[in-house]
Each structure stands twice: as C-alpha cells, then as structure tokens.
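**Q** When you get a sec, could you build the whole thing from the sequences and use the hints?
Chains as they are written, first to last, in our numbering: chain X, 1 to 118; chain Z, 1001 to 1115.
What the hints contain is simulated information worked out from the structure, not anything from laboratory work.
Careful, some of the hints might be misleading.
[Unchecked claim] Facing chain Z, a subset of chain X residues (Cβ under 10 Å, in silico): (1) L47; (2) M89; (3) A93.
[What the hints assert, rightly or not] Derived DSSO-like pairs (lysine-lysine); straight-line CA-CA distance at most 27 Å: (4) K1071(Z) x K1057(Z); (5) K1071(Z) x K1014(Z); (6) K1071(Z) x K110(X); (7) K78(X) x K1011(Z); (8) K73(X) x K110(X); (9) K70(X) x K55(X).
[To be verified] From the derived model, a few chain Z residues whose C-beta atoms are all more than 10 Å from chain X: (10) K1014; (11) I1026; (12) S1087.
In this text, all values refer to a predicted model and were calculated from it rather than measured experimentally.
Every residue, glycine too, gets a C-beta built ideally from N, C-alpha and C.
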Amino acid sequence: AQTVTQSQPEMSVQEAETVTLSCTYDTSESDYYLFWYKQPPSRQMILVIRQEAYKQQNATENRFSVNFQKAAKSFSLKISDSQLGDAAMYFCAYGSSYSGGGADGLTFGKGTHLIIQP
Amino acid sequence: DTGVSQDPRHKITKRGQNVTFRCDPISEHNRLYWYRQTLGQGPEFLTYFQNEAQLEKSRLLSDRFSAERPKGSFSTLEIQRTEQGDSAMYLCASSSLSRGALTQYFGPGTRLLVL
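**A** Next comes the structure, spelled out in structure tokens:
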C-alpha cells in the first residue's frame, strides 16, 4: 500500500515571501501521479498542481511549482510571492496509474496548515 | 462546467439512524469517488464508480455503508445504523476518463454529526 507523509503540520510565511511545503511518499509502483490540493477553511478542495511520475520536468502553475525527486520519493511544493488568499490546508496526494489510464482512489497526507502573515 | 455538488451540506442525526447523501458530478464525468475526512486528517478513499459500475471499495467501507450510481450520473452514499465514529466530512469527487482521468474535482462535502 502507498503512504504519503507531510512532516510539517503547520507553516507560516510573510506575505510576498516564498515557502516550501514538504511531502514524501512510499510506493513500489513505477508509474503514478502526484497532486497538491488546497482546502481553504470551510471551502472545497481545489487542485493546485499535478505531476506525472514519468515526466522528469517539474510542473509549474503560475506562482506554484514542485520539486519532484523520484528516486528520493519526494514531492515538495514551492509557493512564490505568497498572498493572503494562499492561506489554507495543503494536502499532498498520490494516485496509481493503471493500464486503463488515470488515477483511481487517491492516498492523501495529513496536510500542512499554511498561515500567511500580513 | 458546473462543479461537483453535494446534498445536504450538513446533517445531524442520532445514533442508530440511517442517512443518505447525494453527489452530482461534473456532467459527462464518468468516474465518481467517495472519500471520508475526519478532523485534522486528509481524505480517505472509500469507493469509486466508473459509469454505473462500482470498481473499488476500501476496507473502510463497512457493511453499514452502501453506495450506488444507478444511471451513471449522480451517486448516493447511505450509512445504516449510524455510529458516533461515522461523524466526518464525506467528500465526493469526479473525473473524466476521456480526459485522462488525471484530476479529481471535489465537491464541497457533506458534514455529518452523529449524536
């Protein structure tokens, strides 16, 4: 079974600065997907960024980028120019890839609570 | 696309009662997933459907839980004889196999409190 570990229960960053959230995972599969989801207080889960394991290039979405280290099974999220609206719980998630394509049930970490200091 | 919707958003029930939740996925999404999220934890996978077929069930899905997706559109999750340990947020998500099924889009969840 796959596991996802987020070792930082809470992180705090000054507005406009950069913060990195850590995630490690354990799997015996070679083909899979990794995701970062954001869950603002009392609001629904939103996809921030995703990475296909077969791609060597790190994914980037505007101010959000990942550092994907497949051999180390590490998948960190970097948020540049932090904004007040970035405050939320951030979850790292793992999804298996089957021959039929796509991820099935995701395995989530426990989350990191990101605080943005004005 | 309208997003994934769930109903009700909140449910308070007494121990031993049955409850049913509904999820409407993004239209034309053929995969639908149910997760449970307890306070301070990440979501835990319960089950998923591809069209009307239930393809995978987690060991978390006890005999008191049943899910259906009769016409491959909306889905229901029923919990029979609720227990206090069932108190959680129940999340629904959907994805499109035709678009690679890479991303699951989540609904707002149904928060269940069992007294």
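**Q** To test your reading of the hints: which numbers does this structure violate?
**A** When the structure is compared with the hints, numbers 5, 6 and 7 turn out to be violated.
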